[in-house]
Amino acid sequence: MIEIKNVSKRFGEFKVLSDINETVERGQTMVICGPSGSGKSTLLRCVNGLEPYQEGEIIVDGVSLSDPKTNLYKLRENIGMVFQRFELYPHMTVMQNISLAPMKVRKWSKEKAQKKAAELLERVGIPEKAQSYPANLSGGQQQRVAIARSLAMEPNYMMFDEPTSALDPEMIKEVLDVMINLAKEGMTMLCVTHEMGFAREVADEIIFMDFGRIVERGTYEEFFNNPKSERAREFLKQIL
Amino acid sequence: MFDAVASNITFLLGGFGVTLQLSFFALAGGIALGALVGLGRISKNKWIYRPITLYVNFIRNLPLLLVIFWFYFVMPIIAGRPLNPFLSAVIAFIIFEATYFGEIFRAGYQSISKDLSAAAYSTGMTYTQTARYILVPIAFRRMLPSLITQSIVTFQDTSLAFVIGLQEFVRRTSIVDNMEVRSIQLYGFVAIVFFIFCFIGSKISRHFEEKGRKTGLL
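Residue numbers (our numbering), protein chains in the order written: chain A, 1 to 240; chain B, 1001 to 1218.
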């Protein structure tokens, strides 16, 4: 379970996050949407300790990130993250990209890590790309490798930071399909995305952020059919 | 055709040996110091960043010749005894080239996006693991063509050490020329030797550049 309690974050005078409260239970899929600069990505980065916050507390499986004794490296082993621009290691093959962390962090043998990587590549639908370099893959393929790389650590949570917004339209579906399957298999997911079709299919809860605050939260139907705030109505008009 | 060269070949090649030695020490020292200077230039600690930046900007705005002269005449005062020209030249070159190598290293370190290291961290890797498996290998591959190019420049620049009487390749050639008076032949020989070495070097640099471009690293 991820508990976010009264979290605020400032960059100097500017408040990027103010008073965020949210709980994500195991097995849930939460979709975060909102205009750019509303603090969605920052919120994800706070949850796995990539960014510090000044007030409040984030607790992942009972471990508080505010506690200076918490080992952030250890914490991140259980929280996978997928980025907008894929961020694959350009000097390594797909196979090496996926098996690096299990070998170095989990101390798996090379055979075990590569077997796992091969399984994951099968699962994301590109087993034939194992020996390719990221530069030779399409955006959609790169993003599926990035998902496989995160899954290789067998995390309890997966976070997605606008995973399809750098993709050509015809590649969006192949990435979303992987994410939908993942959600249906019971992965706990936090997804920053504007893909409302994805949200309709798997989101247990949608939160809408604006100016660093959670303005609105609810199920897909509540949010989509009956947005309470003017900001959310405007936003939905723009993205649909 | 190369009779004056042939009859003095041992003396001349001895000079080329000095040029190679000087280049070797200048590069080893310049690259090692440059890697640190590059780190200092991206440091968030102003007590590191400011003096390093001052040093880089100061040296880069001086002619190399001046730096060589300056060290030759000032080092004896600091050391309390006269230095031989070779040692003095090595120090001058290291101090000078480290500023250029430092800027190459800085660019290499800065070329790696924050999200790429974030991606590595989010798989649970530590700072040391991220640096070792991701940041340093990528930065090094990206820098390699520039490092080779700057090494060629350094190799060429070492001939300037002849102004402080160091008997490197060009100096020895001028000594031979004073006796034989065969300038075209002698300096032509020097040009050919320098050209061959630098041409091969630039081809190697080009090779790594193209390789990097193909794999999407540059």
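Note that these hints are calculated values from the structure, not bench results. Worth double-checking, as some hints may not be accurate.
Below, simulated DSBU-like cross-link-like pairs (lysine-lysine); rule was C-alpha separation at most 35 angstroms, straight line [said to hold, decoys possible]: (1) A:Lys173 - B:Lys1044; (2) B:Lys1044 - A:Lys104; (3) A:Lys107 - B:Lys1044; (4) B:Lys1044 - B:Lys1114.
Quick partial rundown of chain A residues pointing at chain B, CB under 7 angstroms, derived from the structure [unchecked claim]: (5) Met1; (6) Val63; (7) Phe83; (8) Lys107; (9) Trp108; (10) Tyr133.
Here are some chain B residues pointing at chain A (derived, C-beta under 8 angstroms) [to be verified]: (11) Phe1002; (12) Asp1003; (13) Val1005; (14) Gly1124; (15) Thr1126; (16) Ile1134; (17) Pro1137; (18) Ala1139.
Heads up, the beta-carbon is just placed ideally off N, CA and C, and yes, glycines get one too.
Now for the hints, and whether the structure bears them out:
no., hint, result
1, A:Lys173 - B:Lys1044, "42 angstroms, violated"
2, B:Lys1044 - A:Lys104, "29 angstroms, holds"
3, A:Lys107 - B:Lys1044, "34 angstroms, holds"
4, B:Lys1044 - B:Lys1114, "15 angstroms, holds"
5, Met1, "19 angstroms, violated"
6, Val63, "14 angstroms, violated"
7, Phe83, "5 angstroms, holds"
8, Lys107, "11 angstroms, violated"
9, Trp108, "12 angstroms, violated"
10, Tyr133, "5 angstroms, holds"
11, Phe1002, "46 angstroms, violated"
12, Asp1003, "52 angstroms, violated"
13, Val1005, "46 angstroms, violated"
14, Gly1124, "3 angstroms, holds"
15, Thr1126, "5 angstroms, holds"
16, Ile1134, "6 angstroms, holds"
17, Pro1137, "6 angstroms, holds"
18, Ala1139, "10 angstroms, violated"
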